[in-house]
Amino acid sequence: MVMSGLERTTRAVAIYLALGLFVVFCLFPFLWMIDTSLKPVEEVRSLHPTFWIVHPTLANFRRVLADDNFLIYFRNSVIVAGGATILTLMVSVFCGYALSRFPRQPVTRAIGGALLVSQMIPGVLILAPIYIIMRQLGLLSTFQALVLVYCAFATPLCCFMLKGFFDTIPIELDEAAELDGCTRFGFVYRILIPLSAPGILANAIFCFVTAWNEFLFGYVLINDEARRTLTPGIMVFKGPHLTDWGALMAASVLAVVPVALFFVNLQRFLIEGLSAGAVKG
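The sequence shown begins at 1 in this note's numbering and counts up one residue at a time.
Hints listed in this document are in silico derivations from the structure and should not be mistaken for laboratory results. Backbone N, C-alpha and C fix where the C-beta goes; we use that ideal spot for every residue, glycine too. Keep in mind that a hint or two might mislead.
[Unchecked claim] Each computed SDA-like pair below joins lysine to any residue, with the alpha-carbon atoms no more than 25 Å apart: (1) Lys238 to Ala226; (2) Lys238 to Arg75; (3) Lys238 to Phe28; (4) Lys238 to Leu31.
[Claimed, not checked] Simulated DEER-style distance windows between Cβ atoms: (5) Tyr189 to Asn223: 33 to 41 Å; (6) Phe28 to Arg190: 43 to 51 Å; (7) Ser141 to Leu17: 44 to 52 Å; (8) Asn265 to Val54: 33 to 41 Å; (9) Asp180 to Ile121: 41 to 49 Å; (10) Arg8 to Ala66: 50 to 58 Å; (11) Leu201 to Ile34: 26 to 34 Å.
Please take these sequences and the hints and turn them into a complete structure.
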């Protein structure tokens, strides 16, 4: 059935209208957060809140940046997210390579099945066991605890993502490298990683954003204010009797903006990395 010009135009308008409404729905919390962060206390606590800001102010941001703990939380999040990303990539590259090149080996199949099953378990169900393990290891209130936990949760998905990407690299390259006297590790380091740069970068973005935004484990495993990360640290602006909503929203904006800019600037690599392993050929 051939559609007329009017029908095609109507369909296009309907699609773009639906997409526009969906975008507004997704961006509304972020826009409201920015709006609240720029309002004075009187407008934030108004009985009839609106998007319109009568007296815009940066006092909330100044109050947040004047708090030394906020800068410490920000630094801690960079350390933890960066460490978790590096460790996850180191494990996932070799694990994804093994899943790609030895898919029929019993050990490989068992590991792949275990990684798949691990993705079906919500993190909150194993929060108590992880807390007990970290306490017995003496890692409570340390960066190492969060790095290990974030790595454990991100590794399964990264392994399968990288496996799909490695499947697109011809196995003949492995054989040619072996004939030239290159070891498995040498092949991964000298050939596989450079060829898989978009996929590895996509996984790095995924790992970093996941670790940066995580709240639950950062809140439970870290009790030392000097080592608290940014997401649970923002809760300092929420007191038992009074919540400083302006400062809370300003701190949230400062926490989200760096990651949002990082994601926007590298999204083309993320899309390329995620789609490159979708079709083997």
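Results of checking the hints against the structure:
1. Lys238 to Ala226: Holds, at roughly 18 Å.
2. Lys238 to Arg75: 21 Å, holds
3. Lys238 to Phe28: Holds, at about 22 Å.
4. Lys238 to Leu31: Holds - the C-alpha atoms of Leu31 and Lys238 are around 20 Å apart, at most 25 Å.
5. Tyr189 to Asn223: 33 to 41 Å: At 40 Å between Cβs, range holds.
6. Phe28 to Arg190: 43 to 51 Å: Holds - the Cβ-Cβ distance for Phe28 and Arg190, about 48 Å, lies within 43 to 51 Å.
7. Ser141 to Leu17: 44 to 52 Å: Hint holds: Cβ distance 51 Å, inside 44 to 52 Å.
8. Asn265 to Val54: 33 to 41 Å: About 34 Å separates the Cβ atoms of Asn265 and Val54, which means 33 to 41 Å holds.
9. Asp180 to Ile121: 41 to 49 Å: 43 Å, holds
10. Arg8 to Ala66: 50 to 58 Å: 57 Å, holds
11. Leu201 to Ile34: 26 to 34 Å: Cβ of Leu201 to Cβ of Ile34: about 28 Å, so the range 26 to 34 Å holds.
Against the hints set out earlier in the document, no violation occurs for any number.
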